[in-house]
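Participant: Oh and the sequence shown: position 54 is 55 in my numbering, straight run, nothing missing.
Hints were generated in silico from the structure; no laboratory data involved. Careful, some of the hints might be misleading.
[Claimed, not checked] Distance condition first, Cα-Cα at most 30 angstroms in a straight line; then the derived DSSO-like pairs of lysine-lysine:
{"id": "1", "residue 1": "240", "residue 2": "39"}
{"id": "2", "residue 1": "32", "residue 2": "206"}
{"id": "3", "residue 1": "206", "residue 2": "233"}
{"id": "4", "residue 1": "163", "residue 2": "48"}
{"id": "5", "residue 1": "235", "residue 2": "32"}
{"id": "6", "residue 1": "206", "residue 2": "48"}
{"id": "7", "residue 1": "176", "residue 2": "32"}
{"id": "8", "residue 1": "44", "residue 2": "197"}
{"id": "9", "residue 1": "196", "residue 2": "44"}
{"id": "10", "residue 1": "175", "residue 2": "48"}
{"id": "11", "residue 1": "13", "residue 2": "32"}
{"id": "12", "residue 1": "181", "residue 2": "47"}
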Amino acid sequence: MSNLKELISRVKTVSSIIKMTNAMKMVSSVKLKKFKNKIINLKLYKKKIEKIYFILINNKKIKIKKNKKNILLIIITSNRGLCGSFNNFLLKTIEKLIKKKYFKENIYLFPIGKIGKKYLEKKYQIYLYNNKLIDNLNEENLSTIVSIFYKKFLKGFFSEIKIIYNNYKFFSIKKILPFKKKKIYNINYIFEPYKKKILKFLIPKILKIKIYNSILESITSEHLSRMIAMHKAKDNGIKIKNELLFFYNKLRKEKITKEILEIVGGI
Numbered sequence: 002m003s004n005l006k007e008l009i010s011r012v013k014t015v016s017s018i019i020k021m022t023n024a025m026k027m028v029s030s031v032k033l034k035k036f037k038n039k040i041i042n043l044k045l046y047k048k049k050i051e052k053i054y055f056i057l058i059n060n061k062k063i064k065i066k067k068n069k070k071n072i073l074l075i076i077i078t079s080n081r082g083l084c085g086s087f088n089n090f091l092l093k094t095i096e097k098l099i100k101k102k103y104f105k106e107n108i109y110l111f112p113i114g115k116i117g118k119k120y121l122e123k124k125y126q127i128y129l130y131n132n133k134l135i136d137n138l139n140e141e142n143l144s145t146i147v148s149i150f151y152k153k154f155l156k157g158f159f160s161e162i163k164i165i166y167n168n169y170k171f172f173s174i175k176k177i178l179p180f181k182k183k184k185i186y187n188i189n190y191i192f193e194p195y196k197k198k199i200l201k202f203l204i205p206k207i208l209k210i211k212i213y214n215s216i217l218e219s220i221t222s223e224h225l226s227r228m229i230a231m232h233k234a235k236d237n238g239i240k241i242k243n244e245l246l247f248f249y250n251k252l253r254k255e256k257i258t259k260e261i262l263e264i265v266g267g268i
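All chains, full assembly: derive it from the sequences and hints.
Facilitator: Here is the structure:
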């Protein structure tokens with residue numbers, strides 16, 4: 002009888018896990034749609050503001066000091082697990098990049114997300130860290146972060162700043178500073194106030210948009226990975242539950258048959 006009780010207890014536990022994984026899948030499904038819509042809405046704004054920037058710097062050089070060959074890698078991971086290979090794949094890829102591509106440069110790491118920080122601090126020195134941007138992505142938090150590394154870039158401490166993350170299609174690495182050059186044909190725009198003042202405001206704004214967009218894509222990818230992982234967990238849970246119920250029914254039948262035979266034998 003103890004075996005039957007143990008089996009039914011395990012069936013109840015697995016049933017609870019199935020309900021939990023299904024709920025997590027549904028939550029991630031809703032959030033996935035929400036963040037996808039945010040990316041779509043941001044895309045047009047990002048395109049327009051970058052166009053203004055390229056018009057402003059057309060045939061104009063921005064002076065930036067370049068004293069050192071230091072590279073800042075901004076690495077976006079999640080704050081929570083249970084999302085399949087989402088974090089593991091990204092962090093393993095970063096390790097390979099550092100060993101094979103960036104081993105000659107001075108690398109500074111800036112993880113955004115708890116999972117990335119916990120993994121990277123065991124092997125490398127962390128330059129900056131932030132986990133608030135994943136759950137609380139707003140203008141104030143972005144401004145604080147951007148102002149720190151942008152000032153360092155202007156002073157020549159960093160020669161390049163790259164952002165690494167999982168988008169909802171694949172692993173992505175993008176250079177956010179210095180900006181890529183893009184030819185814009187001369188158009189007679191009149192800017193008020195003067196160009197230099199506009200650029201002083203515009204460049205940090207573009208940086209914030211780039212980081213904001215990257216974090217949105219990373220969060221979207223996280224929810225997609227979690228949705229897939231929870232779907233698989235749910236299917237596995239149903240399979241295990243059915244197997245346990247099969248063994249439970251088999252033992253129960255054997256128990257009943259044994260009791261009947263004992264009764265018949267006693268008669």
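Participant: Verify the proposed pairing of residue 163 with residue 48, using a straight-line Cα cut of 30 angstroms.
Facilitator: holds, 19 angstroms
Participant: For the pair supplied as a hint, residue 32 and residue 206, confirm whether the alpha-carbon distance does not exceed 30 angstroms.
Facilitator: holds, 26 angstroms
Participant: Within a Cα-Cα threshold of 30 angstroms, do residue 13 and residue 32 meet the stated pairing?
Facilitator: holds, 29 angstroms
Participant: Under the criterion that the straight-line Cα-Cα distance not exceed 30 angstroms, is the pair residue 206, residue 233 satisfied?
Facilitator: violated, 41 angstroms
Participant: Take a quick look at whether residue 44 and residue 197 sit within 30 angstroms of each other, Cα to Cα.
Facilitator: holds, 26 angstroms
Participant: Hinted pair, alpha-carbon criterion (30 angstroms max): residue 240, residue 39. Please report holds or violated.
Facilitator: violated, 37 angstroms
Participant: If you draw a straight line from the CA of residue 176 to the CA of residue 32, is it 30 angstroms or shorter?
Facilitator: holds, 28 angstroms
Participant: Would the hint linking residue 235 and residue 32 be met if the CA-CA limit is 30 angstroms?
Facilitator: OK: residue 235 and residue 32 at ~19 angstroms, within 30 angstroms.
Participant: Between the alpha carbons of residue 181 and residue 47, is the straight-line distance 30 angstroms or under?
Facilitator: holds, 15 angstroms
Participant: Can the restraint linking residue 175 and residue 48 be considered satisfied, given a maximum Cα separation of 30 angstroms?
Facilitator: holds, 16 angstroms
Participant: Going straight from one Cα to the other, do residue 196 and residue 44 come out at no more than 30 angstroms?
Facilitator: The hint holds at about 24 angstroms.
Participant: Holds or violated: are the alpha carbons of residue 206 and residue 48 at most 30 angstroms from each other?
Facilitator: With Cα atoms ~13 angstroms apart, residue 206 and residue 48 stay inside 30 angstroms; holds.
Of the hints listed earlier, those the structure fails to meet are numbers 1, 3, in rising order.
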